[in-house]
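Novice: Sequence:
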Amino acid sequence: MKIVKVQFLGREYEIRCEDHEESKIINLQERLNNRVKHLSNLKNNFNDTHKLLLASLYLEDQVDELINKQNKLINI
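If you count the sequence shown from 1, you need to add 2 to reach the working numbering.
For the record, the hints were derived by calculation from the structure and aren't laboratory data. Just so you know, these numbers come straight off a predicted model, no measurement behind them. Don't take every hint at face value.
As the list claims (entries may be wrong) - Below, simulated DSS-like cross-link-like pairs (lysine-lysine); rule was C-alpha separation at most 27 Å, straight line:
1. LYS26 <-> LYS4
2. LYS39 <-> LYS7
3. LYS71 <-> LYS7
4. LYS39 <-> LYS53
5. LYS71 <-> LYS4
6. LYS26 <-> LYS7
7. LYS53 <-> LYS74
8. LYS74 <-> LYS39
Claimed, not checked - Ranges between beta-carbon positions, derived for each pair:
9. GLU20 <-> TYR60: 38 to 46 Å
10. PHE10 <-> VAL65: 35 to 43 Å
11. ILE27 <-> VAL65: 25 to 33 Å
Cβ coordinates follow ideal geometry from the N, Cα and C atoms, glycine included.
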């Protein structure tokens, strides 16, 4: 197991992962940071929790859309 240090909303966090997952974790962290920063530019008065909630809701919506598309393809 490896511990990867990532930056998120100005804070550093340690995430435990398999050795081969380090670059994936870093990539995901960068993408999430970018998404939250984009949402922050839209609404500057949100606190970090609110920003993270908006990003999470957006991502959950994307998951739902992918599942629906997959189900349609399976049922064709």
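Novice: For the pair supplied as a hint, LYS71 and LYS7, is the alpha-carbon distance within the 27 Å limit?
Specialist: Violated: LYS71 and LYS7 sit about 35 Å apart, past 27 Å.
Novice: Take a look at whether the Cβ-Cβ distance between GLU20 and TYR60 falls inside 38 to 46 Å.
Specialist: 28 Å, violated
Novice: Indicate whether the distance between the beta carbons of ILE27 and VAL65 respects the range 25 to 33 Å.
Specialist: 19 Å, violated
Novice: Between LYS71 and LYS4, is the straight-line Cα distance small enough, at 27 Å or below?
Specialist: Between LYS71 and LYS4 the Cα gap is close to 36 Å, so the pair fails against 27 Å, i.e. violated.
Novice: With the threshold set at 27 Å, check whether the alpha-carbon distance from LYS26 to LYS4 stays at or below it.
Specialist: Since the Cα atoms of LYS26 and LYS4 sit roughly 13 Å apart, the hinted pair holds (cutoff 27 Å).
Novice: Within 27 Å, alpha carbon to alpha carbon, are LYS39 and LYS7?
Specialist: Holds, at about 19 Å.
Novice: Checking one constraint from the list: CA of LYS26 to CA of LYS7, max 27 Å. Satisfied?
Specialist: 13 Å, holds
Novice: How does the Cβ-Cβ distance of PHE10 and VAL65 compare with 35 to 43 Å: does it lie in that range?
Specialist: Between PHE10 and VAL65, where Cβ atoms are some 20 Å apart, the hint is violated.
Novice: Keeping to a limit of 27 Å between CA atoms, is the pair of LYS39 and LYS53 held or broken?
Specialist: 8 Å, holds
Novice: When you check the alpha-carbon spacing of LYS74 and LYS39, does it fall within 27 Å?
Specialist: 33 Å, violated
Novice: Between LYS53 and LYS74, is the straight-line Cα distance small enough, at 27 Å or below?
Specialist: Distance ~32 Å between LYS53 and LYS74 Cα, so the pair is violated.
Of the numbered hints stated above, those contradicted by the structure are hints 3, 5, 7, 8, 9, 10 and 11, listed in ascending order.
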